[in-house]
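K.L.:
Residue-level listing of the chains:
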Amino acid sequence: MSDSVTPPLPRPTSLCETPLGQWHAAHGGRMVDFAGWNMPVQYASIVDEHLATRSSVGLFDVSHMGRLSVTGPGALDWLESMLTRKVAGIVPGQFRYTLVTADALAPVVILDDALVSRDTDAADGTPRMGLVVNAGNRERVVAWLRSRLPATGVDLVDHTLDTAMIAVQGPKGVDLVAGLSSGGDGARIRALGNYRGTTATVAGHAAAVSRTGYTGEDGVEVTVAAADAVAVWEAILAAAVPLGGRACGLGARDTLRLEAGMPLYGHELRADSDPFALGLGLAVNLEGRTFPGREALAMLKAGQPERVRIGLDLGSKRSAREGNPVLGGAGGEIGVVTSGSFAPTVGHAVAMALVAPAFASEGTVVEIAIRDARQQARVVGLPFHRRPPGGAKPPSAG
Amino acid sequence: MLKDVRFAKSHEWISPVAGGVATVGISAYAVEALTDLVFMQLPAVGRKVKAGESIGEIESVKAVSDLYAPVSGEIVEVNSTLPDHLETLGKDPFGAGWIVKIRPDDPAEIDALLDRGAYEALIGSQPH
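In order, the protein sequences belong to chains H and E.
The first sequence runs 6 to 403 under the numbering used here.
The second sequence runs 658 to 785 under the numbering used here.
No lab work stands behind these hints: they were computed from the structure.
Incorrect hints may have been included.
Stated by the list, open to error - A few chain H residues that face chain E, going by a derived Cβ cut-off under 8 Å, partial list only:
{"id": "1", "residue": "G256"}
{"id": "2", "residue": "T260"}
{"id": "3", "residue": "R262"}
{"id": "4", "residue": "S366"}
As the list claims (entries may be wrong) - The following residues of chain E were derived to be distant from chain H, with all beta-carbon distances above 12 Å:
{"id": "5", "residue": "K660"}
{"id": "6", "residue": "S672"}
{"id": "7", "residue": "A690"}
{"id": "8", "residue": "A720"}
{"id": "9", "residue": "P740"}
{"id": "10", "residue": "G774"}
Positions of the beta carbon are idealized from the N, C-alpha and C atoms, including for glycine.
Please construct the entire structure, taking both the sequences and the accompanying hints into account.
P.N.:
Here is the structure:
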């Protein structure tokens with residue numbers, strides 16, 4: 006037996022804790038350092054947590070994600086000038102997936118992927134915008150955005166530490182949260198389209214509720230004040246448990262997003278990635294727009310990628326892991342695994358990889374070097390798991 | 658029987674020698690710590706191994722771990738039904754969940770491993 010059984014080194018006291026951190030530790034959460042945050046990787050079984058989310062509902066503390074507000078009369082126009090995705094046409098209650106890029110030309114510098122949103126306008130009619138960024142990138146994204154703030158007209162505030170975010174994911178998630186909301190709020194939550202949000206009172210506390218998530222399931226994400234986090238979490242969990250729902254850790258979140266074919270920053274998506282080769286072209290809108298890194302992205306879009314993102318079905322219990330080489334017909338290295346695991350819903354191991362375009366067609370058989378073993382795998386389309394039809398309508402393009 | 662079992666710091670257990678052969682498995686603590694076991698690779702019968710050498714792999718959803726030979730010797734038998742019934746490791750880690758049988762080169766190597774009290778002290782000092 007090796008390192009994974011050996012306990013981690015004593016955690017530095019500087020580790021950030023979400024408003025739910027003590028709750029997790031007191032309820033059997035196995036706490037690990039994730040991007041500087043003390044987070045539960047699982048409570049009991051990752052597989053059970055994963056399957057509960059697919060069949061019913063799973064609760065995830067995603068408070069470690071960075072939550073930024075951008076307000077003031079210039080907020081919308083400034084974000085339009087900073088993000089790869091068009092912000093100008095966004096309406097109150099709408100969310101869009103975007104990249105945050107820096108000025109570099111070659112290679113491109115992608116600082117993060119993020120969700121940009123627009124709340125209802127302030128009382129004075131000025132826009133109130135939101136950004137949700139990855140925990141591990143928050144500090145540098147905030148620093149980058151602050152460095153580009155105009156002298157007046159835009160306020161950027163990092164609300165990560167004074168709020169909490171609870172992802173309620175799975176086929177029963179929307180109804181469950183709507184049921185904890187009074188009257189018109191519940192109806193508004195049920196009526197949300199994908200990538201739409203609203204304010205609501207959830208379990209008696211003021212919340213922002215959006216039909217977003219990172220599991221491939223229908224569901225919502227609920228943002229509340231830090232002081233209300235435990236009460237709202239416990240109310241949602243109490244309603245979820247009789248439905249077969251449960252609290253889930255980051256381990257299940259990772260296997261769920263892998264099955265859903267969603268890229269993860271630091272794995273599929275990196276600072277110098279070609280987003281078009283990753284299948285993230287929809288996150289980049291070059292048309293008549295100016296933003297940092299635009300020329301770098303225009304060059305990538307016009308060029309031919311060296312590696313493209315694919316799905317690999319191993320059909321085995323043995324998993325490929327990040328960094329495992331992908332081998333072509335003659336045994337030469339044609340790519341690398343970016344994420345891999347046993348996929349609980351699929352029932353065997355799957356992986357995402359970046360490979361040479363010549364090997365990217367569905368049905369192509371490749372080999373993966375996993376330690377001393379060679380595992381055959383077949384190129385398949387993403388996602389590995391698609392939820393049954395129904396639920397909210399898809400987000401609009403833009 | 659458990660009171661006579663010795664443990665490696667890497668969480669394998671090994672039984673006393675009977676008929677020249679000792680049985681090896683992994684501790685209940687290790688099974689509990691790993692959780693969600695999905696794959697196991699066993700060594701070939703007849704393989705000569707050194708103490709501390711990797712003799713196989715056990716993989717959970719989250720990670721791969723090596724299985725280490727607690728003593729030097731020859732692998733004389735493997736629990737070939739175990740990889741298809743990994744739940745047995747959780748149900749009976751010190752019985753039906755045995756992994757390999759080894760013919761130790763020097764049975765005294767077993768005595769040098771941790772006894773149950775020392776192993777419990779080791780894992781008792783580890784946070785879950």
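K.L.:
Compare the structure with each hint and give your call.
P.N.:
For each hint, the structure was consulted:
Annotation: G256 (chain H) was flagged as interfacial toward chain E, and the flag holds, the nearest CB pair being 6 Å apart, inside 8 Å. A least Cβ separation of about 6 Å between T260 (chain H) and chain E falls short of the 8 Å threshold, and the interface hint therefore holds. Proximity of R262 (chain H) to chain E is violated relative to the hint, the smallest CB-CB distance being about 14 Å (cut-off 8 Å). The interface hint given for S366 (chain H) is violated, since its Cβ lies 28 Å from the closest Cβ of chain E, which is over the 8 Å cut-off.
With 12 Å as the threshold on Cβ separation, the claim that K660 (chain E) sits away from chain H holds: the shortest Cβ distance comes to roughly 22 Å. The claim that S672 (chain E) is not at the interface with chain H holds, since no C-beta of that chain comes within 12 Å of its own (minimum 17 Å). For A690 (chain E), the condition that its CB be more than 12 Å from all CB atoms of chain H is violated, with the nearest at approximately 5 Å. Here A720 (chain E) does not stay apart from chain H, with its beta-carbon only about 4 Å from theirs, under the 12 Å limit.
Listed as outside the interface, P740 (chain E) is inconsistent with that label: its C-beta sits roughly 8 Å from the nearest C-beta of chain H, within the 12 Å cut-off. Even its closest Cβ contact with chain H, about 20 Å, leaves G774 (chain E) beyond 12 Å, as expected for a residue assigned away from the interface.
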